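Visitor: Here is how the chains run, residue by residue.
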Amino acid sequence: MTVSLTLQNVSAHYGPTKVLDDLSLHVGEGELVSLLGASGCGKTTTLRLVAGFLQPTSGTIRLGDRDLTRLPAHARNIGLVFQTYALFPHLSVLDNVAFGLKQRGMGTAQRRAKAKEMLERVGLAQFAERYPANLSGGQRQRVALARALVIEPPLLMFDEPLSNLDAKLRVDMRVEIRRLQRANGTTALYVTHDQEEAFSISDRVAIMNAGRIEQLDSPEVLYSRPANAFVADFVGFENMIPMRAIAEAGDGVRAEMAGGATLDLYRSDFTVPGRDFIFAARPEGLTVAREGKGISARISLRTYLGRAYQYRCNTPAGEIVANGPLSDPLEPGTDVVLVPNPAQCCLLKAESR
Amino acid sequence: MMSRTHPLLVAFAGLTFIFLIGPLIIIIGTALSDTTFLTFPPQGLSLRWFENIFEISAFRTTMVTSFMLAVGGTALSLLIGVPAAYAMARYRVELPKFLPNVFVLPILVPEIVLGFSLMKSVATGLGFPIFTSLLIGHALLVLPYCVRVVGASLNSFDFSIEEAAVSLGCPRWKSFFTVVLPNVRAGVIAAFILAFITSINDVSISIFLTGPGISTLPIQLLAHMEQFFDPTIAAVSVLLMGVTVAVMAVVEWTLGLTFLTK
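Respectively, the protein sequence lines represent chains A and B.
Mapping of the first sequence onto my numbering: residues -10 to 342, in sequence order.
Mapping of the second sequence onto my numbering: residues 3 to 264, in sequence order.
Be aware that a few hints might be false.
To be verified - The calculated lysine-lysine pairs, modelled on BS3-like cross-linking and capped at a C-alpha distance of 27 Å, are:
hint	chain 1	residue 1	chain 2	residue 2
1	B	K176	A	K91
2	B	K176	A	K103
3	A	K103	A	K91
4	A	K91	A	K105
5	B	K99	A	K7
6	A	K338	A	K282
7	A	K105	B	K176
Keep in mind that the hints were calculated from the coordinates and are not lab data.
Please read all numbers here as calculations on a predicted model, not as lab measurements.
So here's chain A without its partners, still in its complex pose (with noise of 0.2 Å):
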């Protein structure tokens, strides 16, 4: 059974402080959505919202044609995976992924058939009757895993489940989670504050800042195409260079910087002459170089990177990161050129705040 799940205008308020405006959200059938952000910017309440641990001042949460918003957390059916595991200690990891079931009303024999068959899928079949205490944190993530798939869930939820695990193990978690989330076909939403994780496992992602929504796209295009600067920010975007545009160029426009120093650029549908906007670059979209067509600028500080060199530069229009090749260190205090590669840049609308 797949389900999506839709959030409609919801916000919710704690008194005067408002932790969800307004939000609306689509989750399709069988995708996986993350929702991206860090402390307090309302993904965990959107998460408990849906979950029926919060109950929303406006607002309607629907999964499929039910209405979520006024049920009981217990008669929801979502699969809950969290960030402390939250394993019941006093059970064994057969009890554990069996007390769905139980609560179903499923006989013994059946249930416990059921579970063992679920600790088999997350390669822990050995360890079912051991209790959660005696197992690794990899392992109790896996058995809160089963316990939450093995009630056949339309809809699955993570709330930072990778944060209490090392590196190494984060990594290969998230591709099994993925992997099961796949071979079942449930939708799912994902609360995380790591990029590469909400990157590497989602169909889409939601950045979500002040209660808002920000962006909701695939991460290859939130990764090149940020609708503004927080996303830009977000996503690696060091350099927020504001720009005026003051001329058609060829085929692009002619900007000016703060400084007066100017910069021929590839057109955006917004940068006609007169327009301000915000030329935003990651430190690789702009290259370092002696001499060329770019940003005029001088080296304050080299740092090594390993795979390239990183410049701060001093400009007219303030301090620059760039990076530079490793064939050709430059000194500072050496005055440089900084040349855009449009692959790693973006032209985003001046806000008004």
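Given chain A, work out where chain B should sit, using these hints.
Guide: Just chain B now, with coordinates in the frame of chain A:
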């Protein structure tokens, strides 16, 4: 390398030990004396004063009363204390900060004041029967232990576990019994034991609330002492000590004593 212990430290530790254990040994010795007056070391060995406790009907009835009060008062207190501790741990952020302190008040207020105010309010004010008043008094007296000890267990309880149970289809009220309670069981048992011992040894609250026909063992002990200065008092004391030690021994065997101080 073994480090040598300073002889003065050994002496100091030994003295402390004697200071703690000494009075108890004297009481036990006195209780076993064959004389009709309190004396130590005992002159002759006899269990007659222990027999005497059970021959005096007032001791028999007050023993039953004390036991019923300890069990009933503690049970009543847990019935209030466990939900209170649960609410304060679960909604720590939402509830006012001073709330947990309210439940410690019965310990902070001098027991005599508590006893007197209970007499004025519950016994004479509301006119409750003596046993009921005593039961309320004892429940109140041990409430801080119940709330604090169970609360300590609940504070280290991860409430995600409860939410996990709910998400798996177990209603909130049922989750409390199937998931929360089994995991704070040790705290509840510890609270019961501390409360039981506190209640069974209490004098200052009971003295205000006892009345004609109903008394507790420690109060009866005081009353007896005013008339007879014989080793019966020592024998009763040994008996109370025995109950306490027995309870502790059960804890030690089943759960380990460290868990009371955890």
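Visitor: For B:K176 and A:K103, compute the direct alpha-carbon distance and say whether it is at most 27 Å.
Guide: Judged against 27 Å, a Cα distance of about 23 Å means the pair holds.
Visitor: Could you grab the alpha-carbon distance between A:K338 and A:K282 and see if it respects the 27 Å cut-off?
Guide: holds, 24 Å
Visitor: Given the hint that B:K99 pairs with A:K7, test it: the Cα-Cα distance must not exceed 27 Å.
Guide: holds, 23 Å
Visitor: Please verify whether A:K103 and A:K91 have alpha carbons no more than 27 Å apart.
Guide: With Cα atoms ~11 Å apart, A:K103 and A:K91 stay inside 27 Å; holds.
Visitor: Against the 27 Å threshold, does the CA-CA distance of A:K105 and B:K176 hold or violate the hint?
Guide: holds, 25 Å
Visitor: CA of A:K91 to CA of A:K105, is that 27 Å or under?
Guide: Between A:K91 and A:K105 the Cα gap is close to 14 Å, so the pair holds against 27 Å.
Visitor: B:K176 and A:K91: Cα distance at most 27 Å?
Guide: holds, 13 Å
In the structure shown, no violation is registered for any of the earlier numbered hints.
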